[in-house]
Amino acid sequence: MIFDFLRKKKAKEENIAVTVKLGDLDNWVKENYKGKKERIDSITGEIYLEIKESVAKTRLDLKGLKEYEIRKADERVLKIIKDHREIYVKFVEEFLDDILKKHGEDADKYLAYYAARSVSFSKQSFKSFHITSEMIGKPLEKLINDFKGIDKCFRRIDELIKSDISKFHDLNRLIREITETARLKKENEESLEKTALNLDKMHQQINLLKSKDENLRKSGEYSEKEKLKKEIIVLSNQIKLKKEEIVLAFSRIKKGLKRLEWTEQNKHNKELLDKLVEDTWDALKTTDNNQISFLLEQLAEKTKTKQITEVESADIEDAKDSLGKMAEIKELESKLDSLIKKEEGIKITWSDEGIKAIEEDIRKNARFRENCETVAKDLAISVDALKNEIKTKIAEYLGKQVEII
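Residue numbering for the sequence shown follows my numbering, starting at 31 and increasing by one per position.
Worth double-checking, as some hints may not be accurate.
What the hints assert, rightly or not - Beta-carbon label-pair distances, calculated as ranges:
1) G179 - K157: 21 to 31 Å
2) F398 - S241: 21 to 31 Å
3) T209 - G179: 41 to 51 Å
4) E189 - T422: 18 to 28 Å
Stated by the list, open to error - Using 30 Å as the maximum straight-line C-alpha spacing, the simulated BS3-like pairs for lysine-lysine come out as follows:
5) K51 - K417
6) K96 - K112
7) K182 - K168
8) K216 - K51
9) K257 - K386
10) K87 - K168
11) K178 - K93
Note that these hints are calculated values from the structure, not bench results. By construction, the Cβ of each residue, glycine as well, lies at the ideal position given by its N, Cα and C atoms.
Hey, can you work out the whole structure from these sequences and the hints?
Take a look at the structure:
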């Protein structure tokens, strides 16, 4: 009854999960692997001794091969067999030396070296072995049995690796993988935090710039600049309207002007008359008013005498009156130039370009954050999956329950 209770208590204690930090997992596994490793080292140590003994026995049998007396062979055959026996002995000695040089290495590395060296030895010694075996049988049979004994030792190492060492290496591989994945996960989280801070700072910068612009809108300079802009618009519209009135007045007498240019006395004014018809405003702006007035007087006279009947006298009078507005327009344009210079002289620097640049940075950082968030989900899934796989391997291999945090 007491022993049953103790066994149940021990089993219950073994089933209690041990909490291990991810950063401590590698050392924890190595610490808990010590008992198994001691057992494996003990077994491999015994096998290594057997390999040494097998090599020593092989050397003795190799000596027997070297000293074996070949009979019933003519001189030519005897020489060939002896030569190939020497070659074969040399290959065997090198093979045995190489095995012992690597003796004591990690079991998996030692096994891998032996497998590769065995292949090369077989290829090297194939020809000399078969020629030697034509006349020498028993000593070679002993060597073959010796090689089988060595090979059997290495097969036992292979079984040990498959049962224990490979599992430990596989567990270590998973630990390295989860450690690297966790490192990437942490870096990604740090990037997310940094990006969040950057975005917050950028939004603050935009708010500051907008606040600065808002204060500018409340300033006296801004009010004055806006006032001037409105005055410029009003004055520009007045000038435009007056120009249109003048051009309209002259448009009504275009047919008369066309007739006028063909009179003998106006041949020298033909260019000006053409310009008045085609581009009235440019002609009025670039020509002295007296010249224009002279032409209008001629048109009025010829209209009065019925030489030109395409226009009304009233329209000619309107054109004369509108010509008087040219000075008024020049005065208004002078005033407009003064207002524009004054408005341009008030320098207000807005934050539009700065805000646009920051908004573009915000968009870039937002896209980067989205990518980081996607990566974070994938890494979290990978870490959880690796944790579960490691927990399963530890339970199977070390017989312990763990919770990895």
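Hint numbers contradicted by this structure: none
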